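Engineer: Chains as they are written, first to last, in this note's numbering: chain A, -8 to 350; chain B, -8 to 350.
Accuracy of the hints is not assured; some may be wrong.
[Claimed, not checked] If the Cβ cut is set under 8 Å, some of the chain A residues that face chain B in the computed set are:
| hint | residue |
| --- | --- |
| 1 | 31 |
| 2 | 41 |
| 3 | 111 |
| 4 | 166 |
| 5 | 194 |
| 6 | 216 |
| 7 | 219 |
| 8 | 220 |
| 9 | 337 |
| 10 | 348 |
Source of the hints: derived by calculation from the structure; they are not laboratory data. Remember, predicted model here, so these are calculated numbers, not experimental data. Here a beta-carbon is modelled for each residue, glycine too, at the ideal position from N, C-alpha and C.
Number of protein chains: 2
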Amino acid sequence: MDPRVAELHHRAALRPDVIPLAGGLPADDLMPRVALAAVLSEVAQSRDALQYGWPEGLQSVRDWIAGRLVARGVVIDPEHVIVTAGAQQALSLVAAELAHGSRIAVGAATYPAALAAFASTGLEIVDEDRDARAHYVIAGVANPQGVDLIEAQRTNLIASGAEIVVDEAYAELRFDGELPRPLAIDAPDRVWHVGTISKTLAPGLRIGWLVAPARRRAAVLERKQASDLQTCSLSQVALTRLFGVIDYDAMLARARRRYAARADRLIAALAHYTPELRFREPEGGFSLWVETDEHGDDIALLRAAIEAGVSLDPGHMFRPPGVIAPVAFRLSFSNAPPDSFEEAARRLAAALAAWRHLE
Amino acid sequence: MDPRVAELHHRAALRPDVIPLAGGLPADDLMPRVALAAVLSEVAQSRDALQYGWPEGLQSVRDWIAGRLVARGVVIDPEHVIVTAGAQQALSLVAAELAHGSRIAVGAATYPAALAAFASTGLEIVDEDRDARAHYVIAGVANPQGVDLIEAQRTNLIASGAEIVVDEAYAELRFDGELPRPLAIDAPDRVWHVGTISKTLAPGLRIGWLVAPARRRAAVLERKQASDLQTCSLSQVALTRLFGVIDYDAMLARARRRYAARADRLIAALAHYTPELRFREPEGGFSLWVETDEHGDDIALLRAAIEAGVSLDPGHMFRPPGVIAPVAFRLSFSNAPPDSFEEAARRLAAALAAWRHLE
Chain A
-8 MDPRVAELHH RAALRPDVIP LAGGLPADDL MPRVALAAVL SEVAQSRDAL QYGWPEGLQS
52 VRDWIAGRLV ARGVVIDPEH VIVTAGAQQA LSLVAAELAH GSRIAVGAAT YPAALAAFAS
112 TGLEIVDEDR DARAHYVIAG VANPQGVDLI EAQRTNLIAS GAEIVVDEAY AELRFDGELP
172 RPLAIDAPDR VWHVGTISKT LAPGLRIGWL VAPARRRAAV LERKQASDLQ TCSLSQVALT
232 RLFGVIDYDA MLARARRRYA ARADRLIAAL AHYTPELRFR EPEGGFSLWV ETDEHGDDIA
292 LLRAAIEAGV SLDPGHMFRP PGVIAPVAFR LSFSNAPPDS FEEAARRLAA ALAAWRHLE
Chain B
-8 MDPRVAELHH RAALRPDVIP LAGGLPADDL MPRVALAAVL SEVAQSRDAL QYGWPEGLQS
52 VRDWIAGRLV ARGVVIDPEH VIVTAGAQQA LSLVAAELAH GSRIAVGAAT YPAALAAFAS
112 TGLEIVDEDR DARAHYVIAG VANPQGVDLI EAQRTNLIAS GAEIVVDEAY AELRFDGELP
172 RPLAIDAPDR VWHVGTISKT LAPGLRIGWL VAPARRRAAV LERKQASDLQ TCSLSQVALT
232 RLFGVIDYDA MLARARRRYA ARADRLIAAL AHYTPELRFR EPEGGFSLWV ETDEHGDDIA
292 LLRAAIEAGV SLDPGHMFRP PGVIAPVAFR LSFSNAPPDS FEEAARRLAA ALAAWRHLE
């Protein structure tokens, strides 16, 4: 991440008066704390929770992941799943497996930490290239755009013959509850399927998963083991037991309703205070992606926003190298108190005015 | 890891009749389960335990790590510490930061997963080379040798000008309780200091740390973030609270006594049943390193051992590429029931006889 942005976000996080519209954080008040507390009080008795485990992950977690994919039509065995430290580790493992220097197309704006993972292993990142060796797509709800961006290119993606890295971080959080058809059904030999419970349950557990194309599984498992031996045992056992006491699908339905309501609240506040801002109404996920026609320094905008008492994610973080675009920014409605949105929008209007004055 | 060994170990783990002398596992019965259970029942109430955190780790964990290093004479701030997913992630981050293709000297036998981490980023691994760009050393108690191997080369290491990757996984588990002098005191600009609570507390928490040379800190933190965003929040909060209720140093003292007693039991059993085996008496840690004068297939030896009802780690796993050596193997006394050692030694004698017959 841009160290200037990291420093500003660190500083803003220390100020309780700053309304946090930065960061794609799930709502603290949606996490199943009571169920987790009950489960956690017993996991220390489990040998599996404290001792070393296998690099591929706990069988019970792999069973759960595979079961949900099978229910969506993917042909998969639990043995094909690697439990990773969040979706991020899955992305970084894939990045290392794709040939050094090969080109990956990611679109005009995408998840910043995916860009970091791809860059860290020497991939050449481009926005669009029909002949790219690999494509990175975020299924169901794209980040930061908040809408589906795959359906329009699905046929071409499948026909392309390229490797496809499919990130389902937000797929279960479409407000309409429609799950996207997994690309792994149509191109199983070229799809790297990535998922996580970070957006739906608790990112602090650091549980995600990777299903690699069959011929790449052995190599990527070896790389997983070289990276960190195995994913956190404590989290894996806690998660397994949690699934025994909560209804995950009911939880998802509740989360979708809650996030949709928060999105509505933020949109209403923005319509009032910053009617000039342009964004697509989100179909799910945590955020709005605001695009302007103004060129300028979005770090200065972040600084002005924090000064005014609201944080946001500057758009350049989401841009692949070489993409020059007007200023954009992401506003997350997911974890700030909805009652603060009106004030947040008012402060944002003030910040934009101050920033335009500077520019 | 060698997939043949992985498969044999997986199969052996499913057989309760096989006495496990393979794997460097800490004793299940030394883990502070009661204290952890008390702590874990409350961590779900902590926002920090379930939500995203910073890539560098929780301040409280960094404070604890830095505090212990300062007490040993290292000049360090908590801000210099990155909390990693075990020592393994620290090693893999260092491996990626050392220039691709540069030569790292590791000795004639070393920790297999370190070899895997170094190989995965394209380092050239050699046993000895005074002009190597980097050296990997295991402080206090070398794995698999079970004895200190640094003191004899300390002066040369410091004078070499090379980067030094110092792995302290077993440093607090010398039976004499003597902590090695941290190389970071003498070569702070070239030492990558790696530590963990995996051997002393619970590997399933996946908590380790990396202190990088000052000029490399920013780059390695960026790589940590690209790798998995951050280390497990749940484990970091649990560990912080655990330190509030246990006496870590008293726990270490108890563990050292216990492992020393187990080492004695295994040595006595081996003296009786396999008096021909040659190994150095361990100064700490979890294992004995047995070296023979026989050349042959140590996978066949592992197979014969499992057949006879005892597991072990075949020596070739510990060898850097290109090292041809007589058959060796590692026997871990750390987590098998000491009452089983006599039977384990008897079975090992039978396995060696069967294997010699095969060869």
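Engineer: Quick check on residue 348 of chain A please, does its C-beta sit within 8 Å of some C-beta on chain B?
Structural biologist: At 33 Å from the nearest chain B Cβ, residue 348 of chain A fails the 8 Å test, so the hint is violated.
Engineer: Under 8 Å is the threshold here; is the Cβ of residue 194 of chain A close enough to any Cβ of chain B for the hint to stand?
Structural biologist: Given a least distance of 5 Å, the restraint on residue 194 of chain A holds.
Engineer: Next item in the hint list is residue 216 of chain A. Is there a CB on chain B closer than 8 Å to its CB?
Structural biologist: 6 Å, holds
Engineer: Holds or violated: is the Cβ of residue 111 of chain A closer than 8 Å to a Cβ in chain B?
Structural biologist: 4 Å, holds
Engineer: With a cut-off of 8 Å, does the beta carbon of residue 220 of chain A approach a beta carbon of chain B closely enough for the hint to hold?
Structural biologist: Result: holds, 5 Å to nearest chain B Cβ.
Engineer: Using Cβ atoms only, decide whether residue 31 of chain A comes closer than 8 Å to chain B, and label the hint accordingly.
Structural biologist: Since chain B brings a Cβ to about 4 Å from residue 31 of chain A, closer than 8 Å, the hint holds.
Engineer: Does the closest beta carbon of chain B sit nearer than 8 Å to the beta carbon of residue 166 of chain A?
Structural biologist: 22 Å, violated
Engineer: Against chain B, run the beta carbon of residue 219 of chain A and see if the smallest gap drops under 8 Å.
Structural biologist: OK, holds: residue 219 of chain A within 8 Å of chain B, min 4 Å.
Engineer: Does residue 337 of chain A hold up as a contact with chain B if the rule is Cβ-Cβ below 8 Å?
Structural biologist: Status violated, d = 27 Å.
Engineer: Quick check on residue 41 of chain A please, does its C-beta sit within 8 Å of some C-beta on chain B?
Structural biologist: 4 Å, holds
This entry does not satisfy hints 4, 9 and 10, going by the numbered hints stated previously.
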